[in-house]
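Each chain is listed here by its residues.
Protein chains: 2
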Amino acid sequence: MLRALRSRLPAESLIYLGDTARVPYGTKSEASILRYAAQATDHLVSRGIKMLVVACNTASAVSLDPLRERFAPLPVIGVVEPGADAAVAATRTNHVLVLATESTVSRHAYARAIAARLPDARIDEQACSLFVALAEEGWTHGEVPASVARTYLAPHMKPADGPPADTIVLGCTHFPLLENVIRLAAGPGTTIVDSATTTADAVARRLHEDGLLRSSGSTGSLTLLATDGPGRFASVGARFLGQPIDAGDVEVVDL
Amino acid sequence: MLRALRSRLPAESLIYLGDTARVPYGTKSEASILRYAAQATDHLVSRGIKMLVVACNTASAVSLDPLRERFAPLPVIGVVEPGADAAVAATRTNHVLVLATESTVSRHAYARAIAARLPDARIDEQACSLFVALAEEGWTHGEVPASVARTYLAPHMKPADGPPADTIVLGCTHFPLLENVIRLAAGPGTTIVDSATTTADAVARRLHEDGLLRSSGSTGSLTLLATDGPGRFASVGARFLGQPIDAGDVEVVDL
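Here the protein sequences line up with chains A and B, keeping their order.
With the numbering used here applied, the first sequence corresponds to residues 65 to 319, in that order.
With the numbering used here applied, the second sequence corresponds to residues 65 to 319, in that order.
It is possible that part of the hints are untrue.
No distinction is drawn between identical chains; accordingly, a pair holds when it is met within one copy or between any pair of copies.
[To be verified] Pairs of lysine to aspartate or glutamate, DMTMM-like flavour, derived with a Cα cap of 25 Å:
1. Lys222 with Asp129
2. Lys222 with Glu243
3. Lys114 with Asp129
4. Lys222 with Glu207
5. Lys222 with Glu201
6. Lys114 with Glu133
7. Lys222 with Glu273
8. Lys114 with Asp274
9. Lys222 with Asp188
10. Lys222 with Glu166
11. Lys114 with Glu243
12. Lys114 with Glu315
13. Lys222 with Asp310
For the record, the hints were derived by calculation from the structure and aren't laboratory data.
When you get a sec, could you build the whole thing from the sequences and use the hints?
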């Protein structure tokens with residue numbers, strides 16, 4: 065997500081806050097996720113942000129409306145609606161499989177967002193908590209992740225009633241790291257979409273609408289914040305960002 | 065652990081606090097683990113406990129001495145030293161493999177405790193973060209956990225230099241749920257030990273020494289506390305306790 069935002073909006077200054085002390089959110093209760101999201105937003109607002117991107121599917125599914133209400137008029141963009149846009153644009157058979165965390169699935173956040181755009185869609189949802197642990201461990205290739213992916217996908221790729229899903233939504237920001245094994249488990253002819261690009265588009269559109277877009281001549285800064293030790297943030301984050309992160313560049317904050 | 069304590073000390077009243085809002089500890093920094101352990105102990109002390117059992121290997125490895133100092137004269141028992149006792153009693157070849165979390169391994173907590181008891185022991189340590197996610201998910205049998213176990217154990221069961229370990233320490237309270245697949249990956253002739261029984265023995269001994277043991281005529285109560293929603297605590301906890309937990313019996317506390 066950070067990578068897509070930097071690439072789409074190079075002139076904007078970005079602050080990335082990873083709540084590494086309390087990850088993973090995907091198996092936590094709604095009340096805890098709401099509290100954590102509000103604490104993180106409080107901190108970011110104190111740093112003068114002009115827009116908030118909730119770049120976590122679980123937090124988007126649970127906390128978007130409360131955050132919009134509490135921090136109005138701050139523009140708040142989530143990743144679920146842009147992800148649903150991407151799914152609806154990709155599907156030909158109107159059968160979509162959403163892979164997400166336990167919390168996102170139990171809220172049916174994607175199913176509701178996709179159904180609002182494509183009322184006759186068939187939407188399967190699958191909680192894939194182990195994908196988070198695999199992505200954090202860096203186990204993204206080989207027998208173990210392939211076997212986990214097969215286990216999660218099998219019921220949906222060979223359903224008893226009708227054709228398999230033709231579009232798979234990666235409904236957690238960790239899952240793009242596992243795209244290769246998910247693609248293998250899904251088989252050919254399946255489109256895999258994530259919300260990073262469509263969210264970056266939504267952010268650019270909203271900045272433009274609100275007159276907040278920075279002139280393209282300038283170069284934006286990047287600030288990295290974490291709530292736990294910067295060492296693990298740097299090693300895990302580098303896999304997501306696709307470039308090395310120096311732990312010395314990560315500022316630890318207490319929410 | 066709770067099961068071993070109840071079975072060994074049926075007359076004692078037990079309060080179990082699961083910091084479900086912030087699990088897993090095993091990938092968190094030392095500073096965060098220390099803070100969480102102190103907050104949990106503050107709460108338990110306010111409920112009048114007479115002894116603290118740090119029933120988490122990661123928290124034991126990191127926070128035992130600071131907790132003993134801060135909460136003196138409260139007796140504080142960890143699980144690493146009893147686990148090392150069990151390993152030393154079991155090994156014949158003096159080659160021990162410790163499976164634990166990233167934090168426990170990076171502190172070499174078991175290696176130091178075993179070496180203190182058996183100076184010429186060869187001790188391999190392996191971080192197994194995915195075992196935590198598998199145990200929490202209930203994926204304890206079948207292809208996926210077997211494949212994860214083989215991946216973690218392979219380098220230690222066929223070492224280039226000498227015979228394999230004859231004793232494996234389950235250095236995380238989650239790992240006994242995966243004992244079957246660990247045993248399969250280890251092959252025959254390996255002894256698997258965990259610290260539950262030896263910790264319960266250490267607790268009984270210390271209660272006796274300090275004159276705190278309750279008379280065996282009475283029946284102890286069990287209080288279950290969690291820091292996040294009781295639903296997941298009940299479903300995950302039931303797998304550990306080996307009996308159903310009613311979510312209505314779990315009290316949510318804010319640390």
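Name the hints, by number, that the structure is in violation of.
Hints 1, 7, 11 and 13 contradicted; others consistent.
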